[in-house]
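**Q** Take a look at the letters that make up each chain.
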Amino acid sequence: MPKKTNLLGLVAIIAAVTAFGLYSQDIYLIQVGTYAGIYSIVAIGLNLLLGTAGQISLGHSAFFAVGAYTSTILLLYTPLPFTFTIFASAIVAGVFGLIIGYIALRLKGHYLAMATLAFGLIVYSLLREIQFLDGGAGHVGIPSLSVFGWDLSDYKASYYFVWAIAAVVYLLTLSLLHSRVGRALKAIREDDIAANAMGVPVASYKIRVFTLSAIYAGVAGAIYASYLGSVIFNSFDAFVSVNFLMMVVLGGLGSIPGAVLGAVILTFLPELGRAWEDYRLTSYGLLLILLVIFLPKGLVDLFAWFNRAEPRSIRPKPDTAGRVVEN
Amino acid sequence: MADFFQFVVAGLTQGSIYALVGVGFHIIYSATKVINFAQGDQVVLGGLIALMLLQTVGLPLAIAIIGAVLIGAVIGLAYERFALRPTYKNGELATIVATIGASILLFHGSGLIWGRTSKPFPVFSGQPNEVINLFNVKILVQSLWVYGLLIIALLALYYFFGKTIEGQAIRAASYNEIAAKLVGISVERSRAYSLALAAGLAALAGVMMAPITLAGGAIGVPIAIKGFAGAIVGGIDKTGGAVAGGLIVGVVEAFAAGFLSSGLRDPAVFALLLLALLVRPDGIFGTKTISKV
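Protein chains in written order, with this note's numbering: chain F, 577 to 903; chain Z, 171 to 463.
Simulated from the structure, these hints should not be mistaken for lab results.
Where a beta carbon is used, it is the ideal one built from N, C-alpha and C, also for glycine.
Watch out, some of these pointers could steer you wrong.
Said to hold, decoys possible - Only some residues are given here: those of chain Z computed to face chain F with a beta carbon under 7 Å:
hint, residue
1, Ala264
2, Ala268
3, Phe440
One chain only, chain F, in its complex shape (with noise of 0.2 Å):
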């Protein structure tokens, strides 16, 4: 997606945002699109990792959850503010993700899928037996959202703190995705044996995708913790995980203002029939599967749809056609 096109997302985006913020003055809507901008923000790290880099991940909601955590055992157990807490926080999920990264290197595929899932549920599993941590018990009362003391507790206040995170998130994933690492990535993705002989550190990058998706989202993690003010073990179980994957397959693999649409759309989706849980949870099983018959890139893809210049019949075939048949 050329540069141009990303720029032009993060405008409409920002409007959408300010727009939505000026005039709804329902506090409910107002929460639920705060939710969405915390969860663009874990979105575009691993649109970064899956979409650009084509590393799977099924693991985000640990990386999630650790960030939440560590923001609020040190805000509830010592006297750090939110602005120190939140460095902490991308610091311990970067740890994570570099150690992750570390063993995603020798996996591939459907392997890293089931092994990040694995992490995903070890995760999960030690925070719910470890006393310490939330043993099953979780934490209220954190303090809500502040920085360097002005505090943002206001519904309104939270909303626009939020988004103006995702933004600032979204230009960096935007100035690195046109640089020479973004380049590199998708060299990644398409083949990293080639990738290899062209030069590209693959190793060394893979490990640093890793880490910085893990940062985005252990940032979302702090952020979440403080927004809510309680945190519990099951509300980073395994789906979760799930859920941020399907936010960047329905948006769009590669395409930053695509994670974003597909945090808002899935955030916003599942408050229209909170009464319809199992046919709303059946129905994204079915949507999943549907999505990467008809639309393997995503709802952007709409959007180019509409968009092409030349007829279609003369445009290439998509690069990702043609499985491999021999092992």
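With the hints as your guide, set chain Z onto chain F.
**A** For chain Z alone, kept in the frame of chain F given last:
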């Protein structure tokens, strides 16, 4: 020491389930290079279908078991045809996501039909929780059924892949697709049969364990990962490897729960999986593959 053997017996029972799931992973992986995330949900579904045939339809137990396996296999066929086959051309990631989608669909779909709570399932023979004593070690009668059915299923697989033309065709297609095509084997059909076979085994595993662990419940994903862990520990490219690995995983799980804490049952197995992937991803009994990058 009695504890030790007691845990081994319990571990082997649970491990038999993982062994069947692991063999399913092995069969599908050989034919399609896909790791089927929905495998665990197919296990749970097998138990629920058997319960329905048994109680709602009123069939005798043996017929209900066979029926659940056959229905499971048909679901496997449909799964391959409508969810997997259309995604092969869209790349590996698309296939992974499709199997995750199928897992969610089966889990929540079965929740819609049968509800979310686990249901009691009658034992195959004797009284519920009836045990026999062997050198001071108590063995559930149902455990004997589990061991027996595992052995029967493995013998049937051995016969199918070794002696029948269809089984040999599947093996040929998984060794070398192009060569198989050249001698007139339909690779697509082989893949479909593999999915059906694995789904049938998963359903059988679900029925076997239902009297011990109840039918239904949110246990599909852990079962899938543990079966996968078994396949990786033993070696996913061999049936024997997947079976041995599954039994090892079952015993490790029982030891972690028995000697450490019941809450460590899951993380111990998942850590074992990560360790195995790191140290020896080809498995203890698997063929070593050389790959760089």
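**Q** State for each hint whether it applies.
**A** Going through the hints against the structure:
1. A cut of 7 Å between beta carbons decides the hint on Ala264 (chain Z): the least distance to chain F is about 4 Å, and the hint holds.
2. Hint on Ala268 (chain Z) holds. Least Cβ distance to chain F is approximately 5 Å, under the 7 Å limit.
3. For the restraint placing Phe440 (chain Z) at the interface with chain F, the shortest Cβ-Cβ distance is roughly 4 Å, inside the 7 Å limit, so the hint holds.
Every hint from the earlier list agrees with this structure, and none is contradicted.
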